[in-house]
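Trainee: Read off the chains here:
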Amino acid sequence: MTLKAKGKYIFIILLFSKTILSDSIIEKNKPSLIIYGGKYTSTDLLPILFRQRTDYRDSTLGVIGLNYPLKYKIRFIDIESEGLIGKHFGIMNHWEADGLMIARVSNLFNLPMSFAFGEGLSISSQNPLIENQKKGFSVQNGLFEKQGIESRNILNYLMVELDFRVWNYPSNPRIFMRIHHRSGVFGFYCPPDPACGSNFISYGFKISY
Amino acid sequence: MELKKKNSELIKVICCLKMQILNLDSFCLKESYLIFISYLLCILILNCSYKNEVRNPTNIRNKNQIIHLVTGDRILKEIICESILNSTLGKCLENTNSEIENSYFRIREISVDAQIKNSSYNYFKNTGKSILTLTIGVFISNSAEIKFEIRNKNNEEQSLTAKELNSSGTIERWAVLPFYAGFAATNLGTFLNTYRNPEHLQRYCLYEKISDLRKILEANKDDYCDNYEEFLRNSFYKIENDFLNLIQEGR
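Chains as they are written, first to last, in our numbering: chain A, 1 to 209; chain B, 210 to 460.
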């Protein structure tokens, strides 16, 4: 199923959830436990976000983390902090840790969903195989690479997330879709051209406690 | 020999920091872990820094004196009464006029007004601080000058003394983000945070009704009042001793 088709299904769920979950008994500003899994796509962040383009590879990621709201708001944006620990499976087999700050817009279109953007640092236990590419002919994508890609263990972490409350319960259970993005920020963390980094399109759930 | 060893270690650390800050062409895993852990620690400290100051009332106070505080600012009244309660001056009169007439205690009337001026969202101060932290610091603040006008009326002598106290207050938050991101967040945050200018907070907390659109785009009444209280506390605590001395002098 393509990313676009998944998005349509989620939107239909949302339309129903509006009527079911109109009255909220949710207590905000509680820490949340987060669990998600994702699959690597070789496409860049912007084509994923705006054109829903994906090119999945056999590399998956499982993540568990804690989200802590900072009880601070700028206009309609809530500020949160988050810590994640992940394990890679498939082509790669290493650990990853991420620490980030999140800006979240809640109750989008008066629906029980929120949009979040997070920025932080990511560190992996070894230089991720899939983020590196040698010069010359690439077996992975069948292209001739003029220049190799050199990645690093520590890179910038960025995430874009859309979450939906699935049940009107005090523990506020939510499902979400997240793009788990590591990048070299235009040459700051790794040589710029071609840029290093990776994207995982992930799905998961979170629950407050 | 040891000095040489220490020197080479120091050079190694400096080289590593330089690589992290500038280009990171070669990579030291151990130092990277240290940087990552310190980043997480900063986030943890940040979580603990969002605590409001709480004061416990003292037991040594003048139990025979009640201060009737007259002000149009309910937040200011709350803060001053809390301060009086913490001092040895007595306590604030909380109830009705009939209680004043029937009161057994000595009642003093003090009128206080707060005038806020020169509100600022500190753009240059915030970005300057972010640059000083090599663009990893996010700084968002608003500040203003405030003038407390205090009129001290003694019921027995019917005399009136008026004094002014000047102070300044700040509402400030900070956070840590990776290089460049801190600077970008400071700029964006300062731009979005303009509605926290103290004059604006006072206006919408005390005097004006907040429209639905303003509730969505800025803040609701509770948020306005919480921020206004934070500003008032910050500015009042700077002149708290002078204020209490002034009341004591007029006794």
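These aren't lab readings, by the way, just hints derived from the structure by calculation. You may find that some hints are simply not true.
[What the hints assert, rightly or not] Computed list of lysine to aspartate or glutamate pairs in EDC-like fashion (alpha-carbon distance at most 20 Å, straight line):
| # | chain 1 | residue 1 | chain 2 | residue 2 |
| --- | --- | --- | --- | --- |
| 1 | B | K326 | B | E358 |
| 2 | A | K71 | B | D432 |
| 3 | A | K73 | B | E358 |
| 4 | A | K28 | B | D432 |
Trainee: Hint by hint, say whether it matches the structure.
Mentor: Okay, the hints, checked on the actual structure:
no.	hint	in the structure
1	B:K326 <-> B:E358	14 Å, holds
2	A:K71 <-> B:D432	11 Å, holds
3	A:K73 <-> B:E358	32 Å, violated
4	A:K28 <-> B:D432	14 Å, holds
Comparing the model with each earlier hint shows a violation of hint 3 alone; every other hint is respected.
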